[in-house]
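Number of protein chains: 2
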Amino acid sequence: MGRIPIRHLSPQQPENLWPAKAYVGEVVPFAATVFKEGHDVLGVDVVLTTPRGVETVHRMRPGAPGTDRWHASAVVDESGEWTYRVSAWLDDWETWLHNAEIKIAAGVDVDLMLTMGAELLARAAAATPASTVLADAATRMASERLPVEARFSVATDARVAAALATAPLRSLITESGPRPIRVERERAGVGAWYEFFPRSEGAKQKKDGSWVSGTFRTAAKRLPAIASMGFDVVYIPPIHPIGTTNRKGPNNTLTAGPGDPGSPYGIGSADGGHDSIHPELGTEKDLAFFVRACTQSGLELAIDIALQASPDHPWVTEHPEWFTTLPDGTIAYAENPPKKYQDIYPLNFDNDPEGIYQEMLRIFRVWLGYGIKIFRVDNPHTKPLQFWERLIAEILDDDPDVIFLSEAFTRPAMMRSLAGVGFQQSYTYFTWRNTKVELEEYLVELSKETSDYLRPNLFVNTHDILPPYLQFGGQAAYKVRAAIAATASPTWGVYSGYELMENIARPGSEENIDNEKYEFKQRDWAAAEAEGRTLAPYLTLLNRIRAQHPALVQLRNLEVHWSDDDSILVFSKFIDGEFTASGESDAIIVVANVDPHSVRETTVHLDPTRFGVDPASLFDVTDLVTGETFTWGLDNFVRLDAFTEPAHILRVEFPKGTP
Amino acid sequence: MGRIPIRHLSPQQPENLWPAKAYVGEVVPFAATVFKEGHDVLGVDVVLTTPRGVETVHRMRPGAPGTDRWHASAVVDESGEWTYRVSAWLDDWETWLHNAEIKIAAGVDVDLMLTMGAELLARAAAATPASTVLADAATRMASERLPVEARFSVATDARVAAALATAPLRSLITESGPRPIRVERERAGVGAWYEFFPRSEGAKQKKDGSWVSGTFRTAAKRLPAIASMGFDVVYIPPIHPIGTTNRKGPNNTLTAGPGDPGSPYGIGSADGGHDSIHPELGTEKDLAFFVRACTQSGLELAIDIALQASPDHPWVTEHPEWFTTLPDGTIAYAENPPKKYQDIYPLNFDNDPEGIYQEMLRIFRVWLGYGIKIFRVDNPHTKPLQFWERLIAEILDDDPDVIFLSEAFTRPAMMRSLAGVGFQQSYTYFTWRNTKVELEEYLVELSKETSDYLRPNLFVNTHDILPPYLQFGGQAAYKVRAAIAATASPTWGVYSGYELMENIARPGSEENIDNEKYEFKQRDWAAAEAEGRTLAPYLTLLNRIRAQHPALVQLRNLEVHWSDDDSILVFSKFIDGEFTASGESDAIIVVANVDPHSVRETTVHLDPTRFGVDPASLFDVTDLVTGETFTWGLDNFVRLDAFTEPAHILRVEFPKGTP
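Listed in order, the protein sequences are those of chains A and B. The numbering of the first sequence is this note's numbering, which starts it at 40 and goes up by one. The numbering of the second sequence is this note's numbering, which starts it at 40 and goes up by one.
Since the hints were derived computationally from the structure, they do not count as laboratory data. There may be inaccurate statements among the hints.
Where chains are identical, the list cannot tell them apart; a pair therefore holds if satisfied intra-copy or between any two copies.
Here are the simulated lysine to any residue pairs, SDA-like style, with alpha carbons at most 25 Å apart [as the list claims (entries may be wrong)]:
| id | residue 1 | residue 2 |
| --- | --- | --- |
| 1 | K379 | V149 |
| 2 | K487 | T619 |
| 3 | K487 | P451 |
| 4 | K378 | S192 |
| 5 | K324 | T334 |
| 6 | K379 | G77 |
| 7 | K142 | T284 |
| 8 | K475 | V599 |
| 9 | K379 | V80 |
With the hints as constraints, model all of the structure from the sequences given.
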């Protein structure tokens, strides 16, 4: 324990096992508990060190009274391994000033206090020889010929105050140890994702009912439309050859017909395994073409890595030791007793851990070789945590720009630990958090409690998830969920068909009927657009709002506000002008009616200090969806009609003079 | 990260900076987050290592579903530096059994499952050659001549189950690192304290109005009465010579008359400083006599160490460098600008830290030389935290039985950190937590959130604290506060006069009028007893109940229950028979009306699982205050009349068969 106790530094991962995380451009809130015996005035800095060793110093400010918490925010603007430490000291001048103001006013120890003040000024002057401000002030305060008021007035002279605020008179300087922050590229934290199945785009049904698969070349034609909706990342399911043994048929049936393409998660056939491309999608050249096409559309490609094998996978014959062989000599299928999934052999990571590790490393490197740098990892929670810890570290050692998205829908301990060991992004429980209270709690958890290490990618649907809220909520549900996802988190995503509001589930399930996972699916985008049956314009608007509002590409700045209605969710996001490229502050207030079947009228109660507005002032807000403007203050009437626009996305028009 | 992730071990101090704490006889709840990919059944142990290196293994049980938390409790029965670690493994037998039960019932893989089961039994049998139970079971399960039911029935045979529960079939064994627990002697955690001023006991006023001070010899006469009330520790304010310069007079006035004894916190005179005894209290021999008298009464003595000096302290001339000298050559008084406390010079720990440290160490050793092992430290939060960290560690190195009580009424960060660096006990905010909600929150904080390192000593009053609740609450307030303190915490205390319900405050203050700190105070204990004006019998009853109920000398077992009334506080304490000397479980339910001005009727809703009772059963409770018996269950009518008995202290009469 140092002379001035410094404890509970933040950001930090729980147990401090791995570095805290941030992304380029993120405004990181730093905090520490700093306290000392006695009544001396403390000063606290957080000192940031960039990967290249450059230090910047940020003065911390005291938080809520009694907590001894100190706070500062700073932007991390460069990827790599940063550190920060906290430096605390006694502020001798402020301590003196506090006492002098009281004692001189009370006529106590007047001469003594002025003598001490002059000594402090002289000490400060000696440290800043370039300026005479402090030396002059010291002389004046020491001058016994002057009246007391004149001598003491030096202490509150603006130039003196400025000089001593810039270079405080420190004593008992105490530093914490350094804490690591891994800063990753912006896309690790910010992006709008769009998932689609390349084989569906351009797929054609022949007269005999059989299909011709879409290919990388035909799928590439869809990319400009995706880009024009404002998405940043295109994510596609596994692109490897698909096994035929026990291949799944339409709607997850156990037997596929001869024309059924199979699930891309049934990986491996005579055509190859995880290092190969499904021949129906194309060749290595075609994939390279697709990667280039993405880049040309301003999109980045994410591919899906699912570490499991169909019975036809080359591993099965070449490395049977990577699976579980039963006493009867067969290889164990995936199962959830008594059900078996006979299209899949799970890997047994304990039979030959090193061999499996090296193979998986090799496979990731195959795809890295195409310039693909984002991997959506299927079910990482069914593989050892230590496997991911090692693999991600080794891949990032080669290329720190690689991004892993964890598709783990499991219990919090595993989900959080996967993020902890290195996954840059995580799927979340968002699709199952639909009520106001659920969303309030969950958005606070994601933006505050776990944001030092877990970055949520708020997918509104996936090819596996069509939640009841969307099945039965109509257009209002599709709009409000997209609005919340796109504004609450800097990373969000949709699976294709969302814009068409495809809401028919396979009976008894929470996934789409005729799931594209098991069959080709043709969508007539042009017809939907012509007939106005698409939310594409709304998604486009959301992504445009995100692009224009730096407050929305931050995670940790989400603040929940109050409304009197149990279905009106209110949150704000704010970024101070000191952290934006334009130098202007930006604030958005989202007010969402999460009941998709009603018109709601209520009062929204705001804490304007959360978005940089004086609580005493009125301010205008502009709805970025409708263009309407309202004058708002602490308490505001709101009417949200789910059947027209279920959510306000309000830009705060800062009153002149603030902030 | 090991093969099976093991995280968030508990007990642990925040940031793991210092060892977690426990005391001899404490039932320590251990917990860890343990999880693994897949659906295998896990087994988890906590392994305790005593200071002498003896290991004991305690099977952990899963906690609330979805949390991946595992729990076990164990008694630490020896003082010293313990460690614990968590060991996790796959339970191969339980994993097989879970799958086999489902699959064999469904007719899936029947032969395969029985073959695998037989292999597991054979493996287990090989590990326990002394018994044939498992070998026979393996043979039977492998026997293809038997019907399936007979083969499988082996798996649920009680002897087989017992053998495999005792020595599970483990694989992928993973161990956490060790975590430290400092186990201190019982009195560090358990005790009833009684404070009094020796100079008041036996003090006599002469005809001229002047006083003759009480002495260690006269004060010793009070000890049997204190012991007969069931107290364990006698605590006395500083025993050193008191300065005369700027000595405080009655009621904290600035000038003392010639006969005023002064505050014992104005330490140091021509008669000596912190290593000396006030001549009016007696000699070194008299103190030794007093220490012996305490021991003979079954009491342990705690003395008060207040590290500050009167202007007359020998340090002032011998070590002026230990104080702050002002530019005018004077030594700085203690002050809270513009007020000065001219009877006190605070030490400046930064002028000569090593010199001061060695002197303080010497002083503590002087009193340790008398066999005094408990120190109530006055205002430790006005000295550097690192000073206490070093001093306590060095004292405990010499004698681990020394106990320091922190008298820090300040903000949580400092209070908690003082406990963290080594103070075995802490004064708390208890005197200012009076409503039901305040008490519920605070007792949960003390018993759950901070109990790994901060042990509350719940004083109901002190010579400095007479809270409004006691000033205006009458006898009900005195009773209910004592009842709550004595039962909620294993350590509690009173300052003398509490039993006489001395409730008159100096106007505008929260301390007694004619505070004993500044004057002699005679109390006629015999008359109070004869006239029934004393709560001594109630305090005696409380201490007797504590002595008879092992559940009450645990801290971490406090559980809050619900009542429908906003002034009826309900909590229980429970200890399982496996942890008691008698082998019998013990449970106490406290129901307290914290409104001292009313009769309250309400319903108390209990969660009987918290005190070891099946929630489906009725059970009797006996009020240890009145002797009444009630039959209780989940929901119970309660009537508490503040003007007679404001609190039930109910012993649970366990229904036969539980627990």
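Hint check results:
no.: 1; hint: K379 / V149; verdict: between (88 Å within a copy, 14 Å between copies)
no.: 2; hint: K487 / T619; verdict: within (21 Å within a copy, 43 Å between copies)
no.: 3; hint: K487 / P451; verdict: both (15 Å within a copy, 22 Å between copies)
no.: 4; hint: K378 / S192; verdict: between (84 Å within a copy, 23 Å between copies)
no.: 5; hint: K324 / T334; verdict: within (15 Å within a copy, 91 Å between copies)
no.: 6; hint: K379 / G77; verdict: between (68 Å within a copy, 14 Å between copies)
no.: 7; hint: K142 / T284; verdict: between (89 Å within a copy, 23 Å between copies)
no.: 8; hint: K475 / V599; verdict: within (11 Å within a copy, 29 Å between copies)
no.: 9; hint: K379 / V80; verdict: between (68 Å within a copy, 19 Å between copies)
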